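Chains D and R are the protein sequences, given in the same order. Per my numbering, the first sequence starts with residue 1, numbered consecutively. Per my numbering, the second sequence starts with residue 1001, numbered consecutively.
Each hint should be verified, as a subset may be incorrect.
[Claimed, not checked] Calculated from the model, a selection of chain D residues having no Cβ within reach of chain R, i.e. all distances over 10 angstroms:
id	residue
1	T42
2	H52
3	V101
4	R103
5	D107
[What the hints assert, rightly or not] Only part of the chain R face toward chain D is listed, based on derived beta-carbon distances under 8 angstroms:
id	residue
6	F1012
7	P1051
8	P1056
9	T1058
10	M1065
11	R1083
12	E1088
13	Q1089
14	R1090
15	Y1093
16	A1096
17	L1109
18	L1142
19	A1146
[To be verified] Covered, in the sense of this in silico footprint (three residues per stretch, anywhere, with C-beta under 8 angstroms from a C-beta of chain D), are these stretches of chain R:
id	stretch
20	1027-1033
21	1036-1049
Derived by calculation from the structure, the hints in this document are not laboratory data. In this text, all values refer to a predicted model and were calculated from it rather than measured experimentally. All residues carry an ideal CB built from backbone N, CA and C; glycine is no exception.
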Amino acid sequence: MELVAGAELPARTFVVTRADLVRYAGASLDFNPIHWSDRVATNVGLPGVIAHGMYTMALVGRALVGWAGDPAAVRELSVRFTRPVVVPDDDNGVEVTISAVVRAVADTGDVQVDVTAVSGGEKVLGQAKAVLRRG
Amino acid sequence: MALNLAFEGRRFAPALPYRVGREKIREFADAIGATEAAYRDPAAARELGYPDVIAPPTFPVVITMPVARMIADEPELGLDYSRVVHAEQRFAYGRAVFAGDELTCEAVLEKLSSRAGLDSVTFRVEILTAAGEAVATVWTKLVARAEA
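Looking at chain D on its own, in the form it has when it is part of the complex (with noise of 0.2 angstroms):
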């Protein structure tokens, strides 16, 4: 993958059912009802079971990871969950769409990169940004 400034970085798509929640719960040990109750979830007035933030965010990881073609490339990483990802309970799950753009390449090697996720038809992240150390 060339991490030159302006390049995109081709988009991925995830698919993310409750199978995936549970099994993230598990081995992150965030086991917050709301990721797996729609009882709870919609009695603090979410619209159903929601994603965990960060299982959002690890599949930012994973898409970075995959254009770097090396774990220890990302350097930094940051986000805000501005809106939820919600996730019905069908074997359909929902799609999670991750791109992004390179905004600057520093002098040191350094690729900063504006990440963007989309989860029906909106964005679910703000100010998602990562750095890149280009191998």
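With chain D held as given, fit chain R onto it using these hints.
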């Protein structure tokens, strides 16, 4: 219960270090659907120049979970965890995390605020080796909406 703003600057540190296991990294990689060999096979990781299996970029949330729980469960802080949503997250890496690392967490409540029915807590966690090497700095902002 109102958020206790006097807790700004308060430090938290779990007594025990976190030992990073190959199986935990593989379990986490499986959970996020990441298939890279370097997350599961020590030989593949060494071929890329790493000392052991490498962890995905967001794996440090597993390491900071005990100290995040300490903060959330601190009764005097007054954060209503049942109404908490994750607002922001940031990682700055000194280096990647590898299986075999034994890491400590030092957390500080960097910024607390309570306005317009919105309680907000930002904490920073330094992840360090026993020798004091900075592995990663992790910022988390949690927001709790007051009951309507």
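*Output the numbers, in ascending order, of every earlier hint that fails for this structure.*
2, 6, 7, 17, 18 and 19
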